[in-house]
Amino acid sequence: MAVQPQPFSGAEELPLELLHGELVCSEVLLSKDKDINELLSKLEFIGFSTGYRLIERLLKESPRFKDELETIKFICKDFWTAIYKKQIDNLRTNHQGTYVLQDNSFKFLSRISATKQNLEHGPKFLAYTCGMVRGALANLGIASVVIAEVTTMPTCRFHITITRSV
Amino acid sequence: MAVCVAVIGKDNGPMYFRTRQSGVEELQYHFIVSSALDIIEERVQSSGKSGILPGGVSNPGALEITRELYLGALTAQEEYKVYGYMTNTKIKFVIVIEESSTPLRENDIRTMFRKLHGAFCDLMSNPFYSPGSEIRSKRFHDVVNSIVAGQ
Numbered sequence: 001m002a003v004q005p006q007p008f009s010g011a012e013e014l015p016l017e018l019l020h021g022e023l024v025c026s027e028v029l030l031s032k033d034k035d036i037n038e039l040l041s042k043l044e045f046i047g048f049s050t051g052y053r054l055i056e057r058l059l060k061e062s063p064r065f066k067d068e069l070e071t072i073k074f075i076c077k078d079f080w081t082a083i084y085k086k087q088i089d090n091l092r093t094n095h096q097g098t099y100v101l102q103d104n105s106f107k108f109l110s111r112i113s114a115t116k117q118n119l120e121h122g123p124k125f126l127a128y129t130c131g132m133v134r135g136a137l138a139n140l141g142i143a144s145v146v147i148a149e150v151t152t153m154p155t156c157r158f159h160i161t162i163t164r165s166v
Numbered sequence: 001m002a003v004c005v006a007v008i009g010k011d012n013g014p015m016y017f018r019t020r021q022s023g024v025e026e027l028q029y030h031f032i033v034s035s036a037l038d039i040i041e042e043r044v045q046s047s048g049k050s051g052i053l054p055g056g057v058s059n060p061g062a063l064e065i066t067r068e069l070y071l072g073a074l075t076a077q078e079e080y081k082v083y084g085y086m087t088n089t090k091i092k093f094v095i096v097i098e099e100s101s102t103p104l105r106e107n108d109i110r111t112m113f114r115k116l117h118g119a120f121c122d123l124m125s126n127p128f129y130s131p132g133s134e135i136r137s138k139r140f141h142d143v144v145n146s147i148v149a150g151q
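Chains as they are written, first to last, in the working numbering: chain A, 1 to 166; chain B, 1 to 151.
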């Protein structure tokens, strides 16, 4: 029997990566005249909608979550795998509503060379993902603030702070 | 046979309401569905940490049952039975089944809810649908039609 050739193996997720890269470059990096924060928040909102809609589909077969930590674990494992084909490498929490998710080779940063000049552009490539996490949590009834930081490419951290209504 | 299908949003407001016949009957179903919402809330909350029933009797199975999205029969009256389902995102589906000569099996009900949930996921993936608003999608309507028609 002939082995099925896989001409584009490893390129299945490339369209998303390229689309995202293009989105950031053309919308944010190259637009000189507009307020950069405004553009980033627009990008974040696109992510928010994506996450909000995506989580509905991802959780179709899964049982109800017991608590918040279980929800975050789902984000780290299944949610991340669905988008980036890998899991979060490290999760830390203070058990009081702050979670730090570390990805040692974040996909959207993996093609960018780790120079000092590029490092300052790093966070712009994370806005969409921040929004996506925030959107997913929002649909599950958890209001949060998600901030990202890049220390050394392509490692990045996402800080999730749950905002509890008093 | 299903006589009423309702989708209730996060804030317990109806997003979609469909009865087999419109008219005076519809109001009655609104009442039935609304009263079922309280039971859904109760079931989901009691699923929390302990598996203890209201009577103080410990029920080890309770945790398992209620972690499922399908919530089972909520209330039963002489002429109808009400079934509930809640997604992880707190969208509730309620189906009212008319008691008739041919009783429906539990599995059939599950299939109905699964179908409904599938249609809802598809709806959420539609960029023209803004989450939480009233459902006007024809595609969704067709799925509900097939449920009501018992196919």
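Read the hints as simulated data drawn from the structure, not as lab findings. Since this is a predicted model, take the numbers as computed values, not measurements. Ideal Cβ positions, reconstructed from N, Cα and C, are used throughout, including at glycine. Don't take every hint at face value.
To be verified - Result set (BS3-like, lysine-lysine): computed pairs, CA atoms no more than 30 Å apart in a straight line:
id, chain 1, residue 1, chain 2, residue 2
1, B, Lys90, A, Lys77
2, A, Lys73, B, Lys10
3, B, Lys81, A, Lys86
4, A, Lys42, B, Lys90
Said to hold, decoys possible - Not the full set, but computed from the structure, chain B residues with beta-carbon under 10 Å of chain A:
id, residue
5, Asn107
6, Pro127
7, Phe140
Stated by the list, open to error - If you want the footprint, here are the derived chain A segments under chain B, 3+ residues with CB under 8 Å:
id, region
8, 19 to 27
9, 58 to 72
Status of the hints after comparison with the structure:
| no. | hint | result |
| --- | --- | --- |
| 1 | B/Lys90 - A/Lys77 | holds, 22 Å |
| 2 | A/Lys73 - B/Lys10 | holds, 23 Å |
| 3 | B/Lys81 - A/Lys86 | violated, 45 Å |
| 4 | A/Lys42 - B/Lys90 | holds, 27 Å |
| 5 | Asn107 | violated, 17 Å |
| 6 | Pro127 | holds, 8 Å |
| 7 | Phe140 | violated, 13 Å |
| 8 | 19 to 27 | violated (count 0) |
| 9 | 58 to 72 | holds (count 7) |
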